[in-house]
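For the sequence shown, position 407 matches number 407 in the numbering used here, and the numbering has no gaps at all.
Note that these hints are calculated values from the structure, not bench results.
Check before you lean on any hint, since a few could be wrong.
[To be verified] Restricting the straight-line Cα-Cα distance to at most 20 Å, the calculated cross-link-like pairs of lysine-lysine (PhoX-like) are:
#1 238 with 332
#2 313 with 245
#3 173 with 126
#4 187 with 344
#5 112 with 66
#6 636 with 579
#7 660 with 636
#8 129 with 148
#9 590 with 569
#10 126 with 145
#11 436 with 501
#12 324 with 282
#13 112 with 332
#14 270 with 256
#15 148 with 158
#16 256 with 50
#17 487 with 527
#18 126 with 152
#19 452 with 391
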Amino acid sequence: MLGCGDEAEKDNEFDARLRAAWNALDIVTPLYNKVRNWLTRKPYSTEKIKLNFENAQLLAGWDQNKEPDCTSVLLRKDGMYYLAIMDKKANHAFDCDCLPSDGTCFEKIYYKQMALPMGFGAFVRKCFKTAQQYGWECPKDCLNKDGKIIIKDDEADKVLPQLIDCYKDFLDKYEKDGFKYSNYNFKFKQSVEYEKLSHFLAEIPSQGYMLYFSLVSEEFIYKLVDEGKLYLFQIWNKDFSEHSKGMPNLHTIYWKMLFDERNLTDVVYKLNGQAEVFYRKKSLDLNKSLDLNKTTTHKAHAPITNKNTQNTKKGSVFDYDIIKNRRYTVDKFQFHVPITLNFKATGRNYINEHTQEAIRNNGIEYIIGIDRGERHLLYLSLIDLKGNIVKQMTLNEIVNEYNGRTYATNYKDLLATREGERTDARRNWQKVENIKEIKEGYLSQVVHIISKMMVDYKAIVVLEDLNTGFMRSRQKIERQVYEKFEKMLIDKLNCYVDKQKDADETGGALHPFQLTNKFESFRKLGKQSGWLFYIPAWNTSKIDPVTGFVNMLDTRYKNADKARCFFSKFDSIRYNADKDWFEFAMDYSKFTDKAKDTHTWWTLCSYGTRIKTFRNPAKNNLWDNEEVVLTDEFKKVFAAAGIDVHENLKEAICALTDKKYLEPLMRLMTLLVQMRNSATNSETDYLLSPVADESGMFYDSREGKETLPKDADANGAYNIARKGLWTIRRIQATNSGERVNLVLSNREWLQFAQQKPYLND
């Protein structure tokens, strides 16, 4: 990157020379980009055009009265759905009162919705005289002061039950365009049960929607098609195929539920207007050898090697040809139609408050912490409300079961392999394989796993705050992909449907869970979105999960005086001959103010080994690693300095003046407080605490205890979950109706992690 030119500590002379060279070479960049884009372009075209069939209002709405204007209707037959578009000159083809229904028939879908752009109250006032023609009369008690029109909401308190009865009578008698409003089958509470007129009026639009079916002769439909008066399209996706395998996707479920009788009785899914039809011309012709070379064809009965190396089934054989990008070898019509989920929702954002009430009433039983790790794409830790680990797992590998077989895919390895292939392709000007689909497929499966776990365990999810938690640079998932993961999770939890459950079950299509607020932007997320909580990422992975110790020492060597000053602040430095380690007893308050009001007395021990990372001149100055036995290295430095480890070590160290002894000691102190130990280009990655717990044991992730984090990334996820536990305790300590302060300071986090108040329950 060239930079913006105003960087701090910039070498102006070098910058001037660099920019001159850059500008001279930059004239080649546009040409290079054009050549590269041409050589690596996709073999097919995704361009499409919108069709309107000479009608600007095409598919703008589905209401029966709008059919001549929008020239479109929906049909159903034998579980299949069809879109029928009328020619503009034959837009009244379905206007007759009694369509032929003899012989084999389609079901024509009739759609009715109350169109009340001004609100129901204003609509009634506008239609006051018209409604009287249908036999409706407004009692005098419900008239305004002038005695000419029905009273408004702010005047309704004295005659509220009578006024609501008057509105109900209006709905029972009013007609519009020949359609009786009583056909909507409104179901209201008793009028005396409403506290305000607005509460009653708010219920009307959600009930003023209906779909019903009427038989239409197949012969009649096909006759219109043959005469050029109707264009008939079958609505299709892979789930409608007789060869479809597995569970249908959610879009198919939503579409079918639109016309399900159970949904029409109590509407959850509503069909909307403003649909669109697109046409995409084929861009690959299999009859042309040139185009055939641009796609991959697997001939029938020819074995295909499985790309997933973990799959026990190493290959497959099919009875038909498989053509990559086959959808671009034929002309395609695309149908885009919007629907509304949870149609009767009021749109009020009370999910945060409801979640907090559930927490106060013990409706939340577990916490899921998600960490964006260094050795793992994502890591998950599930804990109970006492901080005990119930489950910890890497999300590098996704395991699925189908037809009694288990399929595992290691997405970390798959993404790494694809990244390498893409890099080589760029260098050799070859076609760059797409990686976006792999990432989206991975994130989709991760979101499914987390969502299902939330529902099964009644668990909230805790994530790092995007605004403060991304100062680290070694994570395997970059910021943009993690943001996409978070948005996908929020969107999924907006309306979570378990496809394996019946529609009538809790969590099924007709009773989905809404566990998050609607996503607007990351800036507006705050600290909570329903069952999702956001915590600062400070010291989640490099903290002792047992004692809560965190390194706050500055162990950099600057000069001899500062090094001696550093060691002089320790209360004692001694060699424990029985344990064969060195002990550095200290009070944090002598070193820093950051530990104020937290546990400050610690004894650091040179227990175990550490991994030293350094530039190796013997390997072209590349990064290298070395395992260091701390106690042995301390002994070597002391021996070289002529210090007896059994004497007063603090005085002996403070008496040193030579850099060649003090600097190695400071480097060893850096390793001593180094919690995380990772070897470059190796699977070695462990946490080791320099502080012993009450039983004299040091936390070492290599021991693999199920009750403690297994590795550094597991520790990060565990402590993210524990910060979620702090959040739960804060909510429980705040009275209902009061604003909860969910800001967790570094000091509060250390107090919580070190004192473990949750273990006192």
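- Task: List in ascending order the numbers of the hints, as given earlier, that are violated by the structure.
- Result: 11, 13 and 16
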